[in-house]
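Below are the chains, spelled out letter by letter.
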Amino acid sequence: MILLDAASWLLILAGCFFILVGAFGLLRLPDVFTRAHSASLIDTLGAGFLFAGLMIQAGFTQVTLKLLFVLLLLFFTGPVITHALAQAALQIGLKPKLAEDRRGRLDEAGTAPAPDGQGRPS
Amino acid sequence: MRVISFGVILYLFWLALSGYFKPFLLIGGLLSTLFVLYTARRMKLIDAESYPAHLFPAASTYWPWLLWEIIKAGWAVTKAVLRPKLDITPTMTRVIATQTTPAGIATYGNSITLTPGTITTGVDGNILTVHALERGGAVDLEEGGMDARVSRFEKGG
Amino acid sequence: MLLTLLVVVTIAIVRMRNLFGVIVLAGVYSFLMASVLIVYDAVDVAMTEAAVGAGVSTVLLLAALHLTKTMEYPQPRPAAIPLLVAVGVGAALVWATYDLPAFGLAETPINQHVVPYYLQNSLKETMVGNLVAAILADYRGFDTLGETTVVFTAGIGVLLLLKGRIPTRAGSRTPPRDGGTA
Amino acid sequence: MFAAAVLAVIAALVLVVVRVLKGPTLFDRVLAGNTVGTLAIILLTVLGFLNGRPEWIDIALTYGVLNLIGTLAILKFVRHGDLAHDAGEDRA
Numbered sequence: 012m013i014l015l016d017a018a019s020w021l022l023i024l025a026g027c028f029f030i031l032v033g034a035f036g037l038l039r040l041p042d043v044f045t046r047a048h049s050a051s052l053i054d055t056l057g058a059g060f061l062f063a064g065l066m067i068q069a070g071f072t073q074v075t076l077k078l079l080f081v082l083l084l085l086f087f088t089g090p091v092i093t094h095a096l097a098q099a100a101l102q103i104g105l106k107p108k109l110a111e112d113r114r115g116r117l118d119e120a121g122t123a124p125a126p127d128g129q130g131r132p133s
Numbered sequence: 002m003r004v005i006s007f008g009v010i011l012y013l014f015w016l017a018l019s020g021y022f023k024p025f026l027l028i029g030g031l032l033s034t035l036f037v038l039y040t041a042r043r044m045k046l047i048d049a050e051s052y053p054a055h056l057f058p059a060a061s062t063y064w065p066w067l068l069w070e071i072i073k074a075g076w077a078v079t080k081a082v083l084r085p086k087l088d089i090t091p092t093m094t095r096v097i098a099t100q101t102t103p104a105g106i107a108t109y110g111n112s113i114t115l116t117p118g119t120i121t122t123g124v125d126g127n128i129l130t131v132h133a134l135e136r137g138g139a140v141d142l143e144e145g146g147m148d149a150r151v152s153r154f155e156k157g158g
Numbered sequence: 433m434l435l436t437l438l439v440v441v442t443i444a445i446v447r448m449r450n451l452f453g454v455i456v457l458a459g460v461y462s463f464l465m466a467s468v469l470i471v472y473d474a475v476d477v478a479m480t481e482a483a484v485g486a487g488v489s490t491v492l493l494l495a496a497l498h499l500t501k502t503m504e505y506p507q508p509r510p511a512a513i514p515l516l517v518a519v520g521v522g523a524a525l526v527w528a529t530y531d532l533p534a535f536g537l538a539e540t541p542i543n544q545h546v547v548p549y550y551l552q553n554s555l556k557e558t559m560v561g562n563l564v565a566a567i568l569a570d571y572r573g574f575d576t577l578g579e580t581t582v583v584f585t586a587g588i589g590v591l592l593l594l595k596g597r598i599p600t601r602a603g604s605r606t607p608p609r610d611g612g613t614a
Numbered sequence: 038m039f040a041a042a043v044l045a046v047i048a049a050l051v052l053v054v055v056r057v058l059k060g061p062t063l064f065d066r067v068l069a070g071n072t073v074g075t076l077a078i079i080l081l082t083v084l085g086f087l088n089g090r091p092e093w094i095d096i097a098l099t100y101g102v103l104n105l106i107g108t109l110a111i112l113k114f115v116r117h118g119d120l121a122h123d124a125g126e127d128r129a
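Chains as they are written, first to last, in this note's numbering: chain Y, 12 to 133; chain E, 2 to 158; chain S, 433 to 614; chain H, 38 to 129.
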């Protein structure tokens, strides 16, 4: 029992840690696209670990089930929002700061490369 | 068959969320389930894409795999954020999705976005444009490990 | 702490000129407000705040934005007299709160007349488990009906206003690059 | 211990609100605003546990749905300049 308790506290602490790191990254990183990575850290790892810890605390009850639903909701809506955001930002004409642009990679291999043509570093 | 199992799942969902087992509420839930089923059928929403019953067994192995990927990628992003010197290498690349159905490509794109460090920014046919926080994340995707895994998931394996 | 954040966000809303940014900030504001209300254990109010503030009003403000331009013009002259009036009224209200009895005191008038009656008899008379719902829908049924009518009429009015679409002229919308908080 | 979690979430909330206020572009604000919504959900759940009222999770679920609607509405408006845009026009 005490072991289970310790495990749940450990999970909650990990969740708090990732939430703080995500928020910190949101401040620190240089442009929208990189910040979106940091925000998805909160959505997935932060909320995931925290809710896992809470689930252990709640035991096998309806509360656990609802926690699972909230988590699933976050996991399904998170990528949709991030994708919509990145796509809208690109469409408006926001240029991401890049260290390397490999978007032209596929064009070298022709317009319709075979599926096994991928993975070749350009 | 598909409609009936969908209805059963909806009703169980309703039961789980309500948590009350009085006859009046049970019948109310049943009626609302039937109403939702009726409208969903009229709108032709219950098909293989929106209710992929054949994928449920495959999902039971795909989700744990994806969770592990998320944890690994998340740790990499955490390290990148906390490194005293901000030496991230944001990279954009394009990868080919080998899935055959639109739902499969959507699953691949969403899996990419769900793992921290990589975001699908655009879909054009079966070519996905991806923004990665680190160069390594982009190269990993180009090597196609996740793509193969999603393709396997799509075929029910 | 949360209240400080609320104040900061409010000031930012007032100062911002880009109306898109204002809408985003308004959504943030209502989520923060809902969190504050939850801390005060007013769950139903928090629910309404989140639904109306973050859900409906965002969509309505966007629909209104469709009819106007996205940048707000700067105020041509400083508004000293309105500022004075606002500060004066605010100070008067704060001053008036000193005459109010302490929150939750049992001997205050509000807790001596109808509240004990409601608490004792509402379940028997209305058979509604939730006391707030019983008061709103039973004892003050006509009052609530009037309120609902007003809200409904306002909703219809807003819908009619937004229905009359003007075709957007090219170039009438500036690209939503933000100018910062001016 | 739940109190520590609440403190951590509130600290994160402060950082994210700073990004909402600073955010050079609109998208920074939308992203941070969405994160504020997520953090509100988490805060609500943890507070429910702290006060011994886990049924607040129901409200957290509703918040999640509202957050999605608000953010997607803004993004769609930015992209198409219209809320009633038909996605079918893009596909054609």
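Don't read these hints as lab results, they were simulated from the structure. Computed from a prediction, not measured in an experiment: that's the story for all the values here. The reader is advised that the hints may include incorrect statements.
Okay, the calculated beta carbon distance ranges per label pair [as the list claims (entries may be wrong)]:
#	chain 1	residue 1	chain 2	residue 2	range
1	E	Gly146	S	Val491	17 to 27 angstroms
2	E	Pro24	S	Asn553	23 to 33 angstroms
3	Y	Leu109	E	Glu144	50 to 60 angstroms
4	H	Met38	S	Glu579	17 to 27 angstroms
5	S	Glu557	E	Pro65	50 to 60 angstroms
6	S	Met433	E	Pro85	20 to 30 angstroms
7	S	Val564	E	Pro24	18 to 28 angstroms
8	E	Tyr21	S	Val517	32 to 42 angstroms
9	S	Asn553	H	Glu92	25 to 35 angstroms
SDA-like mimics (lysine to any residue), calculated; alpha carbons at most 25 angstroms apart, straight line [stated by the list, open to error]:
#	chain 1	residue 1	chain 2	residue 2
10	Y	Lys108	Y	Gln98
11	Y	Lys106	E	Asp141
12	H	Lys59	Y	Leu82
13	E	Lys23	H	Trp93
Residues from chain E that face chain Y, not an exhaustive set, calculated with beta carbons under 8 angstroms [said to hold, decoys possible]:
#	residue
14	Pro24
15	Leu26
16	Asn111
17	Ile120
Idealized CB from N, CA, C, for every residue including glycine.
Could you check the hint for me, namely that Leu109/Y and Glu144/E are 50 to 60 angstroms apart, CB to CB? Given a distance of about 20 angstroms, which is not inside 50 to 60 angstroms, the answer is violated.
Are Pro24/E and Asn553/S spaced within 23 to 33 angstroms by their CB atoms? holds, 28 angstroms
Quick one, is the Pro24/E hint okay against chain Y at 8 angstroms, beta carbons? The hint is violated - Pro24/E has no Cβ within 8 angstroms of chain Y, the shortest such distance being about 19 angstroms.
Looking only at beta-carbon atoms, does the pair Tyr21/E, Val517/S fall within the given range of 32 to 42 angstroms? violated, 53 angstroms
Return holds or violated for the Cβ distance of Asn553/S and Glu92/H against the range 25 to 35 angstroms. Distance hint for Asn553/S, Glu92/H holds at roughly 27 angstroms.
Interface hint outcome for Leu26/E [beta carbon to chain Y under 8 angstroms]: violated, 14 angstroms
Can you tell me whether the CB distance of Gly146/E to Val491/S sits inside 17 to 27 angstroms? violated, 41 angstroms
Holds or violated: 50 to 60 angstroms for the Cβ distance of Glu557/S and Pro65/E? Given a distance of about 55 angstroms, which is inside 50 to 60 angstroms, the answer is holds.
Pairwise hint evaluation, Trp93/H against Lys23/E, where the allowed Cα distance is 25 angstroms at most: Answer holds: Lys23/E to Trp93/H is near 22 angstroms, not above 25 angstroms.
Proposed interface contact between Ile120/E and chain Y, which counts if any beta carbon pair is under 8 angstroms: Interface hint status for Ile120/E: holds (5 angstroms vs cutoff 8 angstroms).
Straight-line alpha-carbon gap Lys108/Y to Gln98/Y, limit 25 angstroms: Satisfied, since the Cα-Cα distance of roughly 15 angstroms is no more than 25 angstroms.
For the range 20 to 30 angstroms, tell me whether the beta carbons of Met433/S and Pro85/E fit it or not. holds, 28 angstroms
Hint compliance for this structure: hints 1, 3, 4, 8, 12, 14, 15 are broken, all remaining hints hold.
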